[in-house]
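Let's have the full structure, built from the sequences with the hints guiding it.
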Amino acid sequence: MAETEKMVFDGKLDINYKYASGKVTGKFYDEIEENKKIFGIKCSKCNTVYVPPRQTCGPCFTTMEEWVEVQPTGVVTNYTIVNYAEPLIQPMEPPYAQALIKLEGADTPFIHLIGEVDVEKVKIGMKVEAVFAEEKTGNILNIKYFKPVE
Amino acid sequence: MGRKVAIVGTGQTKHKARHSDMNIVELINQAVNRCLENAELTINDIDAILIGNMEHFEGINLSDMWASDASGALGRCGMKITTGGSTGTSLSSAAYYYTASGLFDTVLCVGWQKQNEGDTTAGLVSATDPIWERASFAGAFGTFGGAATQYMMETGLTPEDAAKVAVKNKRHGRLNPYAHLHLDISVDDVLRSPMLAYPIRMLDLCPASEGACAMIMTHEDNVKKVTDKPAWISASVCRHDSAFTGDPPFFLDLRTLRSAAKEAYATADIKDPMKDLDIIELYEPVTWAELSFLEALGIGEGGKVGELLAQGVTSIEGSLPVNLSGGVLCTNPIGATAMCRVAEAAIQIRGEGGERQANHKVNTALATGYGGNWWSDLLILKSSL
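First to last, the sequence lines map onto chains A and B.
Read in the numbering used here, the first sequence has 55 at position 55, and its numbers run on one by one without any break.
Read in the numbering used here, the second sequence has 199 at position 199, and its numbers run on one by one without any break.
These aren't lab readings, by the way, just hints derived from the structure by calculation.
Each statement offered as a hint is correct.
Just so you have them, the derived chain B footprint on chain A, three or more residues with Cβ under 8 Å:
1. 15-26
2. 112-126
3. 131-142
Cβ atoms here follow ideal geometry from the backbone N, Cα and C, with glycine treated the same way.
What follows is the structure in structure tokens.
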């Protein structure tokens, strides 16, 4: 009997999707795009100010409604230097710095990028400020990146 | 409290980079048949089949439907459970809940993945919030890198300490015929491997594997008819955390695992984990995670976990071996990865570990699953209840 050659089927999926931002994220983006202001949302029970804002405080399970303006400046609470290439999906050319940044006035840090910096000089505790994108991006890159405070 | 439940059989495929000779359902079928053989049962003894994988990784979905012949679910209760990295422990817990409830007598669960048939990064990226985190996340290990940087600074542990985890687990993995990677490496090899996302290097990271793992559980009245070496489930706890990367402290304190351990230790009467546990099968996606997650289990807290590792306490010769199977650093077919932790813990209790069997008698074993955003599952198995 002839040897069977194993077949491999090569396929590709291109998936279009639309994702409704919801009312909380919508308000956050309106403030960034129209007023260059960053807002967090505060839990009336535990007083935590969340950035990114979301409707529900997880630990308290309360519905949050109080918006609090936070500063466009903050500190790096952790960071890594991304050194590997994932073409198409990476926001910057590697090597680049990805960091958790806690803004002044917020209690939770959020994930973003550090730009205008020698990546070797990024440190935990470094002070950074938001650089806003010139054009709307429809995602968190409305803040283009954070740069070190001079 | 439900009925007492024991694992009475395990089965897995060889895990490797590519199973080009088997398709997805053939892979699932091999693990199911090996599990039935190990339990000395037939598919007619099974009342329900629970199956799971990480969705979208292979560009396919509803695999539970087209695997129903091969998994044994045809004509039975079948259900799919998918919770990312923790899929395998979710399946294990669900099989336990099904059986303990009294509604099903004997349940088989099977987890699988063929990571190299698809695009893992695309699968992972589609699991993140498209507006908040997808653009800046862009890949799996950046978050581990950031967490490790912070953990290193707080504890004083070094990349060399992390490298020792890789050396230990790869050494254990060489004793496990089912492990994907059989590598003989040194600390220097790890420290010289390519830097992916500071401080994480190639050899700090788990591989992408293809494989499947299955287990059978039955209830107390049935156990004696099936086996004389049951692995009883003493505790099973699940904890989820916020979806936002910045909310939990992560490596600084995996609070989901700490909280799960507190509850499970109370249920299983574990007073001192260092003394009361005989082995641990820990879900460590990167070297740093083994150090951090052991601390969350109350082992080597305050960075002392590095000394335990250096002293060989967590090696096969030590008093509390961690990942005798080689762990996730050797084998990572995602939907099966966490089930491998539970199955390997059961294998140690059943004394079926062959070369990777612990040197001491294993009466109490702990297994964990890790997934989503810092989620933890934890199961404690015992040789008797």
